[in-house]
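**Q** Residue numbers (the numbering used here), protein chains in the order written: chain A, 1 to 89; chain B, 1 to 135.
Derived from the structure by calculation, the hints contain no laboratory data. There's no promise every hint is true.
Straight line, CA to CA, 30 Å or less: simulated DSS-like cross-link-like pairs of lysine-lysine [what the hints assert, rightly or not]:
| no. | chain 1 | residue 1 | chain 2 | residue 2 |
| --- | --- | --- | --- | --- |
| 1 | A | K36 | B | K124 |
| 2 | A | K39 | B | K5 |
| 3 | B | K45 | A | K39 |
| 4 | B | K47 | A | K36 |
| 5 | A | K19 | A | K75 |
| 6 | A | K56 | A | K36 |
What follows is a set of in silico ranges between Cβ atoms, one per label pair, in the way DEER data are often shown [as the list claims (entries may be wrong)]:
| no. | chain 1 | residue 1 | chain 2 | residue 2 | range |
| --- | --- | --- | --- | --- | --- |
| 7 | B | V111 | A | G28 | 31 to 39 Å |
| 8 | B | A19 | A | M82 | 41 to 49 Å |
| 9 | A | E29 | B | D105 | 26 to 34 Å |
| 10 | A | K36 | B | P106 | 19 to 27 Å |
| 11 | B | N24 | A | G20 | 38 to 46 Å |
Using N, Cα and C, we set each Cβ at its ideal position, and we do this for glycine too.
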Amino acid sequence: MSTAMNFGSKSFQPRPPDKGSFPLDHFGECKSFKEKFMKCLRDNRFENALCRSESKDYLECRMERQLMAQEPLEKLGFGDLMDGKPGRN
Amino acid sequence: MVPVKDRIIKVTFNADVHASLQWNFRPQQTEIYVVPGETALAFYKAKNPTDKPVIGISTYNVVPFEAGQYFNKIQCFCFEEQRLNPQEEVDMPVFFYIDPEFAEDPRMVNVDLITLSYTFFEAKEGQKLPLPGYN
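Only chain B is shown next, with the shape it has when bound in the complex:
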């Protein structure tokens, strides 16, 4: 995979929690500048401020919509249950790259900002999570 060095993209980060999840969850950087084909690391941080263990599960969203197909997560913390013990705080990494083909897509010619949003929900037994578009 060869980086497309003349195509700089700003990636910004959002963090949300569903109302029932009492975690503090935030990105550790507001933005990072990458180019297609270059792997990149970014961090979120989550803390369980309660006195009970809490299990969360997250999903993510990418805007603009059309850029989402080029956004590849090599590894992250989403879609699997994550348990935080009382008062525990952890770093949550996302390791990703934007596919080099992004630079060849005429529809992407004016896209220089991509926003990655993660939302954490509380994982409870028997509860169906409202994860739109994901089954």
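Only chain A is shown next, with the shape it has when bound in the complex:
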């Protein structure tokens, strides 16, 4: 297995995140949503697909408290959760 320590070859170029940095949730305003999401992961063997509703709720919490720029949830990959029709895609 190759490592990232390839002296002389091209190095990994980190890229900034598309939508910038999350402000810190200094007051833990969305902590309960994070806890629900983490519990979902632990209960579902860390399968992201089964916890998308919880991750959507966490991001909505941030948006409601100005801890994240408002964005339509469809653009954040939650389109299939919005129209109530499971199995689309």
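With chain A's structure known, arrange chain B on it following the hints.
**A** Only chain B this time, still in chain A's reference frame:
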């Protein structure tokens, strides 16, 4: 963006701090299973155990190297200064997806593990940070 549901990838998480930064910094999950095209959320946690405010700034790395181009962070906590007050502890989310084109790249055919590593440095005025490959 359509998820490629038959291509499950395990993403694992590392957390490091540079020697001069006295934060406790760790991932809140060891791994998460995703598919290309599906947005995913993961958390790190950072605590400043000292009695002074400390400002950190982080960079990240993705291995295997070739998979890094498909790893897209929608939003995270990197590259901007983050200030933690004395004894403060915060959740640090990463919201990301693996580009669906990952599933079309023949070089990725045997890649089913991607590791995301974040390293925090202390941000001090006038100090040039050793962020390899990033200017």
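**Q** Does each hint hold? Answer for all of them.
**A** Hint-by-hint comparison with the structure:
1. A/K36 x B/K124: 36 Å, violated
2. A/K39 x B/K5: Measuring from Cα to Cα gives roughly 23 Å; hence the hint holds.
3. B/K45 x A/K39: 16 Å, holds
4. B/K47 x A/K36: OK: B/K47 and A/K36 at ~21 Å, within 30 Å.
5. A/K19 x A/K75: 12 Å, holds
6. A/K56 x A/K36: With Cα atoms ~11 Å apart, A/K56 and A/K36 stay inside 30 Å; holds.
7. B/V111 x A/G28: 31 to 39 Å: Roughly 36 Å apart at Cβ, these two residues keep to the hinted range, so it holds.
8. B/A19 x A/M82: 41 to 49 Å: Because 46 Å falls inside the window, the suggested range holds.
9. A/E29 x B/D105: 26 to 34 Å: Distance hint for A/E29, B/D105 is violated at roughly 40 Å.
10. A/K36 x B/P106: 19 to 27 Å: 39 Å, violated
11. B/N24 x A/G20: 38 to 46 Å: 25 Å, violated
In summary, the structure is inconsistent with hints 1, 9, 10 and 11 from the numbered list given earlier, while agreeing with the others.
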